[in-house]
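Use the sequences and the hints to build the structure in full.
In terms of my numbering, the sequence shown is residues 21 to 411.
No lab work stands behind these hints, which were simulated from the structure alone.
Careful: at least some of the hints might be erroneous.
[Said to hold, decoys possible] Okay, derived cross-link-like pairs now, PhoX-like style, lysine-lysine, Cα gap no bigger than 25 Å in a straight line: (1) K356 x K285; (2) K364 x K256; (3) K394 x K364; (4) K285 x K296; (5) K348 x K274; (6) K258 x K274; (7) K254 x K285; (8) K254 x K405; (9) K394 x K254; (10) K274 x K321; (11) K321 x K405.
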Amino acid sequence: MTWQEQLRQLDAAFAAGKVSADVYRRQRDDLLASAQSGQSATPQPQPPQQQTGPDSNPFPAPFKWSPQQPQPQQGSSSEPTQFIKPVGAPEEADRTQVVPNSGQPQSGDAGERTQVVSNADRTQVVRGQQQQGAPWQAQQGTPWGGGDQSAYSPPWAGGDPEQQQWSGFNTQGPEVFDERGGGKGKVFAIVGVVVLVLAIAAGVYFFVIKPGGGESVAANPSSSSAAAPTTTTKPKPKPFGTLFVPEGNSAGPKTYTAEELATAKPLPTPDLLVLKQVGVTEARSVIVVDNEITSSLWAFKSGDAAALLEAMDTDQKRFGFVEDPTAKQGAVVPSKSVQTSGEKSITVFRAHYVAGTEVIRTEVFAVDEASARKRFDEVFTEQLKHTAPTK
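Structure follows, in structure tokens:
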């Protein structure tokens, strides 16, 4: 019997499952080794021999895996075997290839896959490998601003858009809503309900169930009605130096230096030019809005208050301010002007007078002339009471 026939019998026995893979490989290697040396003896199972050097192995080095497209998988058996007809010369050595499975994970296709070929055919052992899923990435997610007094500037404030706004602005900041987690809120709600139930139960016990409780209640039937209702009166705003502070919404009193007046520009540009020319060193302001009526009070400190008063009274005539004798209080004669802001007409009442080293301005403007006049009379009267004119 030739070594080819013995190899076919060995392949058939391995395909039938009569011999294990290790026995099959050892006997096949023995047959191929004997074929190379010219021997044709029948191989017997022998333990693997120790090789003494790199030249003692008659077969080429095993093929190393490199990244390639995964080979198609067939079936779901643990050790599928595929037979391929010889395609090379009988003298060519066999080749064993171990291919890690890098494709999609297959259910039920564990174990090894072996391809058995004769002569120059190759054997493949394919090991299953699970594909790891990509980790999930966490997805990831501003403060209220406050206004200033520039929002209350009169509509004739010049080209600055902020200075063209006039009245009706809400100086109170927007409400801040707390959007914290609802876990603690639920706990507090439950605790509150429990406390309420206990309080009701205690009241029922002391005033209904407990002996004498009903008598005590009947003895003082008018105890609850005897308490007089309490009313809280909102305190009036405190004056700001020489300025009276009206009631209403306010951004708060402000104090400006000469440099801050030029930077913040809280007044119309013509007023700022006059203040700079006369040499104003400090300015204090109180601006209040109430029912869409704006009250603006200013105190300008200067080395020559009389010159500043004359310059301001002269300059305001360019904007249509004329004296209104009907609004006169004492020696001070206020002025009146009608300004336009968009499609609205605004009536302005203004008065200037000297108090020491300062020039006091009292100004009220609104869309409705009657409302503006009434408010101006009230504010100007209180301002004269607080700081009387010296000239």
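Now the hints, each set against the structure:
Annotation: proposed proximity of K356 to K285 holds, straight-line Cα distance about 23 Å (limit 25 Å). In summary, the hint linking K364 to K256 is not supported, as the alpha carbons are separated by about 32 Å, beyond the 25 Å threshold. With a C-alpha separation of about 20 Å, the suggested pair K394 and K364 falls inside the 25 Å cut-off, and the hint holds. At roughly 12 Å between alpha-carbon atoms, K285 and K296 fall within 25 Å of each other, so this suggested pair holds.
At roughly 28 Å between alpha-carbon atoms, K348 and K274 are farther apart than 25 Å, so this suggested pair is violated. At most 25 Å may separate the alpha-carbon atoms for a hinted pair to count; K258 and K274 meet this at roughly 14 Å. A hinted pair counts as satisfied when its Cα atoms are at most 25 Å apart, and K254 with K285 does not qualify at roughly 33 Å. In summary, the hint linking K254 to K405 is supported, as the alpha carbons are separated by about 21 Å, within the 25 Å threshold.
Distance check on the hinted pair: K394 and K254 sit about 22 Å apart at the alpha-carbon level, within 25 Å; holds. With a C-alpha separation of about 14 Å, the suggested pair K274 and K321 falls inside the 25 Å cut-off, and the hint holds. Distance check on the hinted pair: K321 and K405 sit about 20 Å apart at the alpha-carbon level, within 25 Å; holds.
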